[in-house]
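Colleague: Listed below are the residues making up each chain.
There are 2 protein chains.
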Amino acid sequence: MTANALDPRPGRRITITDVARAAGVSVATVSKVINGRDGIADATSKRVLGIVRELGYESSLVATSMRRRRTQVVGVLVAEFEPFAVQLLRGVSTALQGTEYDILAYAGSVSAGEHIGWERRSLSRLGGTLIDGAIIVTPTVTLPESGVPVVAIDPHTGPVGPATVDTDNLGGARAATEHLIALGHRRIGHLRGRADLESAQLRERGYREALESAGLPYDPVLVADGGYRTADSTAAAAALLDLAVPPTAIFAANDLSAIEAMRVASERGMRIPDDLSVVGFDDIPEAVSCTPALTTVRQSLHEMGAAAVHMLLGIFDGRPAEHIRLPAELVVRGSTAGAAGAPGR
Amino acid sequence: MTANALDPRPGRRITITDVARAAGVSVATVSKVINGRDGIADATSKRVLGIVRELGYESSLVATSMRRRRTQVVGVLVAEFEPFAVQLLRGVSTALQGTEYDILAYAGSVSAGEHIGWERRSLSRLGGTLIDGAIIVTPTVTLPESGVPVVAIDPHTGPVGPATVDTDNLGGARAATEHLIALGHRRIGHLRGRADLESAQLRERGYREALESAGLPYDPVLVADGGYRTADSTAAAAALLDLAVPPTAIFAANDLSAIEAMRVASERGMRIPDDLSVVGFDDIPEAVSCTPALTTVRQSLHEMGAAAVHMLLGIFDGRPAEHIRLPAELVVRGSTAGAAGAPGR
DNA sequence: CTGAAAGCGCTAACAC
DNA sequence: GTGTTAGCGCTTTCAG
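Note that the protein sequences, when read in sequence, are chains S and Z. The C-terminal position of the first sequence is numbered 345 in the numbering used here, with every residue numbered one higher than the one before it. The C-terminal position of the second sequence is numbered 690 in the numbering used here, with every residue numbered one higher than the one before it.
Certain hints may be false.
Unchecked claim - Okay, the calculated beta carbon distance ranges per label pair:
id, chain 1, residue 1, chain 2, residue 2, range
1, S, D42, Z, T444, 45 to 53 Å
2, Z, G679, S, P217, 57 to 65 Å
3, Z, Y563, S, G36, 40 to 48 Å
4, S, A231, Z, T362, 39 to 47 Å
Keep in mind the hints are simulated off the structure, nothing from the lab. For glycine and all other residues, C-beta sits at the position ideal for the given N, C-alpha and C.
Make a model of the complete structure from these sequences and hints.
Modeller: This is the structure we're talking about:
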């Protein structure tokens, strides 16, 4: 069997040109057929569609988006696919179900040397062409007016600038700390989140406010930088637990560092919750699967994702950007118990 | 202040043309500077770089990928961002950490009318241009040779065709069934998965092999079609439990139907694990959060993602495609116990 | 009804 | 060293 006009060149994707040649029409005609433009003879249309099916042609998102205005794709820009981001992604995915939009999630800091500014970079690289709008997860810098509709989730700056969706971090942190206080803990440590995130600052503030309200002193020695990744938390947790008088409870700014704190404590022979109570923040899936299950502050990532989607679609429709704040809820599980010698109330 | 040559047109992304105009050089020169090609005067280079920074220019992924061969982006193609896919994504993300690759995850079936064939469509739309290679999560059809390096995770056809990564479904199912046998169960039911999935067939085979090895008879009456959705499982579970002599234990082909079986059993006043032991497969987050926690067979999604990444990078380097099978591990939780009147061993 | 031509933003030959 | 030219695959006027 020898190659004929119908055979696309091997090892290459099939382009609109291949279809045009096979159908014996111009590229423009194929384009019109595919996009349902009218002014095409019925016979031509049928023939072209036949070839399209036969060749398995599918238009290139890249080429199409270069030429057209809209792509029907919303972008979810993240620094990395960690639990927080992927959970959000699930919410976005469900909320977008049944709409005309596809989802393109992009982690663009992987190869970038600079960790700061990934969102600006990703947005510039994708915006205006590939995606019609973006949901940016935990941006670390203020986003420039780029002309691309944008919703920021849990932005480091708090509710300023473009549309934002975040959680009541302050209230959640207070609730977490008050829970520990109610259990009789008096020496409560805090594993601080990334200093450049407003959410982390608010969580620390909630911790301090709760202590203050209860008349407990704030001791800087009991606060350590947990960062936001497991590795960063190890040293911080160790620092807290290796104190001459270690805390009897720890409130961590996120679940990942809370879980790491539990691990570090176990390494030292401490038992959770008998020797140490731990509370996290986020309620990622691991929070319930770890042992013991983690008491934490739940922010409904699913709802945040959905809220972001609705706002973005609204912006597409010309409605104004808003700042939405969702409630946080304390979920008590097995990692917290009354302080030794103080049976709580 | 009036607009000058330095001002990009408002509301539009900044293009290489804007930079070229502002720097007073040609577009080609800017391109060379940005891509570090040599043969550019040091002074020119510095000036252009300055403008780039000043304007906040970032090259468009779309335009670049149209012209260039490689994009340094690996695609993860999914039908939808559900728990399984998202967990895999995390594995892929960690494995790609520190490499030169960015990750682009695409859910392209959202808007597509047809659910079947999403992977072919997504691959055609992105492959060859936007992404250098793809990891396809749970493809439902056999993928055509597209010229794009591809690794399929948990393909419905089993390890044939392109590179694949999957779990030891047979071994896992055997382990699950043997666990029930060891507990003293003799009348063990099976909730079968979707018949068109190779993984489901293997899980049933594992069940039968385990029975056989233990010298137990295979009774077709004890096997029902659980499908892959909760609703499908309801009737199947009911059929099993309403038998004149119901099974004392059930091995379900996935966690979702196992959990449904527990629910149906409770409806009938049976208690888990006292009156009925249940084992699932997958170890989804719900498996640990349901009551009682589900004994199940865990497949490490994280490891599967990482394995897929390594294989894909290997294919980029010209190494041959393989079929990798990861072990499955039985996780014993609260939903299984010794059969009544037979205390196991 | 259909096709030729222009151009989206960018890179790679090839000239100058 | 730098600019000119030609496209990547596609859509969109605008002529025929």
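Colleague: Against the structure shown, which of the earlier numbered hints fail to hold, in ascending order?
Modeller: Numbers 2 and 3, in rising order.
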